[in-house]
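All chains should be built: construct the whole structure from the sequences, respecting the hints.
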Amino acid sequence: MAEFTMELNDEQKEVRDWLHGFAADVIRPAAAEWDEREETPWPVIQEAAKVGIYSLDFYAQQYFDPTGLGIPMAMEELFWGDAGIALSIVGTGLAAVGVLANGTEEQIGTWIPQMYGDANDVKVAAFCSSEPDAGSDVASLRTRAVYDEAKDEWVINGTKTWATNGGIANVHVVVASVDPELGSKGHASFIVPPGTPGLAQGQKFKKHGIRASHTAEVVLDDVRVPGSCLLGGKEKLDERLARAREKARAGGERVKNAAMATFEASRPAVGAMAVGTARAAYEVALDYAKTREQFGRPIIDNQGIAFQLADMRTQIDAARLLVWRASWMAVNGKPFTAAEGSMSKLFASETAKKVSAQSIQILGGNGYTREYPVERMHRDSAIYTIFEGTSEIQRLVIARTLSGMPIR
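Read the sequence shown against numbering that gives the first Met the number 0 and you will find it ends at 407, with the numbers running on by one and no gaps.
Simulated from the structure, these hints should not be mistaken for lab results. Quick caveat: nothing in here was measured; it's all calculated off a predicted structure. Hints are supplied without guarantee of correctness; some may be wrong.
[To be verified] Simulated crosslink set (EDC-like; lysine to aspartate or glutamate; CA at most 20 angstroms straight-line):
id, residue 1, residue 2
1, Lys122, Glu38
2, Lys206, Glu35
3, Lys205, Glu38
4, Lys184, Asp132
5, Lys233, Glu148
6, Lys184, Glu234
7, Lys205, Glu32
8, Lys233, Glu105
9, Lys49, Asp117
10, Lys49, Glu13
11, Lys353, Asp286
12, Lys353, Glu292
13, Lys235, Glu245
14, Lys203, Asp132
15, Lys184, Glu245
16, Lys184, Glu238
17, Lys49, Asp120
18, Lys246, Asp151
19, Lys12, Asp316
20, Lys49, Asp16
21, Lys206, Glu38
22, Lys352, Asp316
23, Lys352, Glu391
24, Lys203, Glu391
[What the hints assert, rightly or not] Quick list of the computed label-pair ranges, beta carbon to beta carbon:
id, residue 1, residue 2, range
25, Thr313, Ser402, 23 to 33 angstroms
26, Arg141, Ala247, 18 to 28 angstroms
27, Gly108, Ile406, 33 to 43 angstroms
28, Thr368, Glu10, 38 to 48 angstroms
For glycine and all other residues, C-beta sits at the position ideal for the given N, C-alpha and C.
Okay, structure coming up:
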């Protein structure tokens, strides 16, 4: 087990500087254009693939970093560049985590490479969990998967929403109910291979922020997938369902479902994304405050501005430390006894919203225009308190974990 440290080693620093350079030289110059176009920035993704950032190998190296800091470090630097483009680059990772968290070794080896493609033919993947009537309330999920034993196939019907890369993905990972009576305990995750009949893109959403990232509905109409596409396999599913039924009869403890396992693994990473956006907004505000003059002196000479910047930097550093702690705990098998993963996402998400709003205020009228990037950063930051569990849900998770009570 790696000891927790706040100091990156030489190899991590080299990777961080490499990512920072890519974010500064490739992502940032393209950010405003793709925000306006509201389209997937395929040329930027391809550039990321050419240098090795958008690849299974790079993601695996960071994911299996024994210190736990590989993924949050990478997320912070890429999202420092631009949240919308960065999400297009890393969005496939959520589907990959879904397979890593729930799949067999064979499934991991088969499907994750197909999620990325290669530098000459880049692909993306989508993780499909939320539904029109089931976002935070995962127990209300209506997408149903029924096993056709005669053909060893699963038949999936339902509609997913808010799916990053939904409909344009090469591989979709879909969470569906296999036993509605068990609520969230009766869920399972399925691979929907490329070109599977019955899967179609529904509405593409025009969003407030992260507009370079594709978000859409995914409609599944009698989608048939082989039995081998059930993540973890049917034997494991049957055993888990049997335990869940037994515990339900006995009034026992909850059983973790597939979607929640994915979200728990990814929440600190989302916190790191928020830290990157917050840091970017803070740096713009700091530079502006040091050069913008009013009444014959830089505005940072005023305590009202200087104290805001001091608070902003303090909150960013505190958020990063919470993210790093949770990431280290997750990699080293430390249980989140105080919901540390949710803590990291909650605090970092709220920090990004607050810091980006303060940055606009420091820039004044300029901050409210698209001539300066803090306007876009503020729009982008709103998503962090919403996706992969709203701030309210994070507080609920934390409160339930601390109290042991079914707080509603």
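Hinted pair Lys203 and Asp132, Cα distance within 20 angstroms:
holds, 17 angstroms
Between Lys203 and Glu391, is the straight-line Cα distance small enough, at 20 angstroms or below?
violated, 26 angstroms
Please verify whether Lys12 and Asp316 have alpha carbons no more than 20 angstroms apart.
holds, 17 angstroms
Given the proposed pairing of Lys352 with Glu391, does the C-alpha separation stay at or below 20 angstroms?
holds, 15 angstroms
Holds or violated: Lys49 to Asp16, with C-alpha atoms at most 20 angstroms apart
With Cα atoms ~17 angstroms apart, Lys49 and Asp16 stay inside 20 angstroms; holds.
Straight-line alpha-carbon gap Lys205 to Glu38, limit 20 angstroms
holds, 10 angstroms
Within 20 angstroms, alpha carbon to alpha carbon, are Lys184 and Glu245?
holds, 12 angstroms
Is it true that the CA of Lys353 sits at most 20 angstroms from the CA of Glu292?
violated, 24 angstroms
Sort out whether Asp120 lies within 20 angstroms of Lys49, counting only the CA atoms.
holds, 10 angstroms
Check whether the Cα positions of Lys206 and Glu38 lie no farther apart than 20 angstroms.
The given pair, whose Cα atoms are some 11 angstroms apart, holds under the 20 angstroms limit.
Check the hint pairing Lys206 with Glu35 against an upper bound of 20 angstroms on the C-alpha distance.
It holds: about 11 angstroms lies between the C-alpha atoms, which stays within 20 angstroms.
Hinted pair, alpha-carbon criterion (20 angstroms max): Lys122, Glu38. Please report holds or violated.
Answer holds: Lys122 to Glu38 is near 15 angstroms, not above 20 angstroms.
Consistency note: the structure conflicts with the earlier hints numbered 12, 18, 24.
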